[in-house]
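**Q** Each chain is listed here by its residues.
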Amino acid sequence: MKRTDISVLSLGCCWMLSPESLALVGNIAGQAGWAILIPLALVTLCFMTCAHLLSNRHLPEQGFPFHKKNTASIIGANGLTLAASLPLMIFSATAILVTAGYTFNEVFLYWFPNFGFAFLLLFLLTVLQFFPEKITSGAQVLFIGTAVIGLLFLSFYGILSLGLSVSAKIVPGQDLPLNAPQLSWHAAALLPLLYVGTLFPEEQQKTSAQILIPAVGFSLFLLWIAASLNHVSPERLASSDIPYMTAARKIMGEPGRYIMGVIIIAGSCGAVNGFFVLCRRILTGLADQKTQNLAAHKKISRSQLLPLALATCIGGAMAAGLAGEDLLEVLVRAALLLWLTSMILRCIAALLWLHQKKGMLSVPALLSTVLLAITLPSILFGDPEKVQLVLCIFFALSAGLLMAACRFFINKHSRKEKGA
Amino acid sequence: MKKILFLVTLFLFTGSLAAVAAEVPRMSQEELKAQLGSGEIVIMDTRSGKDWKSSEFKIKGALRTPAKTVDEWLSSIPTDKKLVIYCA
Numbered sequence: 001m002k003r004t005d006i007s008v009l010s011l012g013c014c015w016m017l018s019p020e021s022l023a024l025v026g027n028i029a030g031q032a033g034w035a036i037l038i039p040l041a042l043v044t045l046c047f048m049t050c051a052h053l054l055s056n057r058h059l060p061e062q063g064f065p066f067h068k069k070n071t072a073s074i075i076g077a078n079g080l081t082l083a084a085s086l087p088l089m090i091f092s093a094t095a096i097l098v099t100a101g102y103t104f105n106e107v108f109l110y111w112f113p114n115f116g117f118a119f120l121l122l123f124l125l126t127v128l129q130f131f132p133e134k135i136t137s138g139a140q141v142l143f144i145g146t147a148v149i150g151l152l153f154l155s156f157y158g159i160l161s162l163g164l165s166v167s168a169k170i171v172p173g174q175d176l177p178l179n180a181p182q183l184s185w186h187a188a189a190l191l192p193l194l195y196v197g198t199l200f201p202e203e204q205q206k207t208s209a210q211i212l213i214p215a216v217g218f219s220l221f222l223l224w225i226a227a228s229l230n231h232v233s234p235e236r237l238a239s240s241d242i243p244y245m246t247a248a249r250k251i252m253g254e255p256g257r258y259i260m261g262v263i264i265i266a267g268s269c270g271a272v273n274g275f276f277v278l279c280r281r282i283l284t285g286l287a288d289q290k291t292q293n294l295a296a297h298k299k300i301s302r303s304q305l306l307p308l309a310l311a312t313c314i315g316g317a318m319a320a321g322l323a324g325e326d327l328l329e330v331l332v333r334a335a336l337l338l339w340l341t342s343m344i345l346r347c348i349a350a351l352l353w354l355h356q357k358k359g360m361l362s363v364p365a366l367l368s369t370v371l372l373a374i375t376l377p378s379i380l381f382g383d384p385e386k387v388q389l390v391l392c393i394f395f396a397l398s399a400g401l402l403m404a405a406c407r408f409f410i411n412k413h414s415r416k417e418k419g420a
Numbered sequence: 001m002k003k004i005l006f007l008v009t010l011f012l013f014t015g016s017l018a019a020v021a022a023e024v025p026r027m028s029q030e031e032l033k034a035q036l037g038s039g040e041i042v043i044m045d046t047r048s049g050k051d052w053k054s055s056e057f058k059i060k061g062a063l064r065t066p067a068k069t070v071d072e073w074l075s076s077i078p079t080d081k082k083l084v085i086y087c088a
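Protein sequence lines correspond, in order, to chains A and B. Take the numbering used here: the final residue in the first sequence is number 420, and no numbers are missing along the way. Take the numbering used here: the final residue in the second sequence is number 88, and no numbers are missing along the way.
Hints may be right or wrong, so weigh each one.
Unchecked claim - DSSO-like mimics (lysine-lysine), calculated; alpha carbons at most 27 angstroms apart, straight line:
| id | chain 1 | residue 1 | chain 2 | residue 2 |
| --- | --- | --- | --- | --- |
| 1 | B | K33 | A | K250 |
| 2 | B | K60 | A | K386 |
| 3 | B | K53 | A | K250 |
| 4 | A | K250 | B | K60 |
These are calculated hints, taken from the structure and not from any lab test.
Go ahead and model the full structure; you've got the sequences and the hints to work with.
**A** Structure, rendered in structure tokens:
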């Protein structure tokens, strides 16, 4: 495997190995039991198909939106991109860093303040963005590699130490217990949220490694779910706020906690660093950016202001106590939904462009896009805080469109001045 | 520009130090463990949101007393016992 492929894989896996994602997969596995595996495999196939669609070489180099670009389409596309990426970076990083802080405090050094560690991680990861991309990519591989190795170790230990759990086997002729795990539609609809970040941004999608990212995620989730269900009751997994730690403790006792602590901190660093890198690439790849001169393009790609601005927002959110508010989780869910919507719209735009301009139609890609699109209303209307969720999405979209519009007209004005 | 970037980075780092600098009376894990179950202390867990969910340690018997809903639980707190507040 080439070094660039490893780099792409580690970047694409940034969210999947975050504590948020591991908690989500643990809770859904608890609710659904082994029944989670088939819908998870289906969702994985959908994402791989969409990745294959978006990496189609016939798609225009300029990226989303693929059709002729007028002012409205540029502002709309950029606005959606900004709304899908910046809130995700800021709010999920806040949640992830707080979790990492608690993990460090409770697993390793109880006298070290949890928020102190969260801020320390934020500081170090921000400083990392000042180094060349080769270093940040290398660090990303280290973070994700550590998390993967730890998770694989715990998973295999958990599976091999007990074999398949007796409770998972169904005896013919015997009724299922009344409280047997069942997969609800809402739980199944949440599965796409595990694969956030696997399709970012257009320039990075034209590699075959991009298509493998969901498969890597599925393999890891499959092994971890098997190990967790082997040792922890589904009810406990479903109700726990930190199912990954519950499972690790049951699998290997105190050493399991330490290993999971390392996984969580490495996964947190991978998620936050990954989002820093992706956000910088997204800003570089905005719809009208590629039409500007190369010097301006390079200037933005080397700019350190974006990571600093993002870090300030994250630090401000932590200092303001956002981690103690239920609103933070609603904001993270809203950002995940916006990302999923953005991805689905890109797939629809790609399908339309390929059909209209090239006479090509990929039925698997069409079915995958439709299936993922169906999950959106399920996630939205099945959410316990649906009103707050809708409001957060509305404000994020409005802010994204406003930023995109300001940026567009400022750039247009400065181009006119240079021309004059 | 480099100076500005350096100053802002320094500011972020200083902010992280502030998170560890606050001086409040504290009780150690060992002191608390020794008094658990004695009936002489009341543990109030004021954590909420992610602060609550990210933590592995939820003390058995602790009262969930988020700061935002203080009016709802304040009157139920016994005043004749030692209050231990478990916060983020």
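**Q** It remains to establish, for every hint, whether it holds in the given structure.
**A** Here's how the hints hold up against the structure:
Between K33 (chain B) and K250 (chain A), the direct Cα distance comes to roughly 23 angstroms. Compliance with the 27 angstroms bound is thereby established for this hinted pair. Pair hint K60 (chain B) plus K386 (chain A) does not hold up; C-alpha atoms about 32 angstroms apart against a cutoff of 27 angstroms. As the CA atoms of K53 (chain B) and K250 (chain A) are separated by approximately 19 angstroms, the hinted pair is consistent with the 27 angstroms bound. Between the alpha carbons of K250 (chain A) and K60 (chain B) the distance comes to roughly 19 angstroms, so the proposed pair stays at or under 27 angstroms and holds.
The structure fails to meet hint 2 from the earlier list, while all remaining hints are met.
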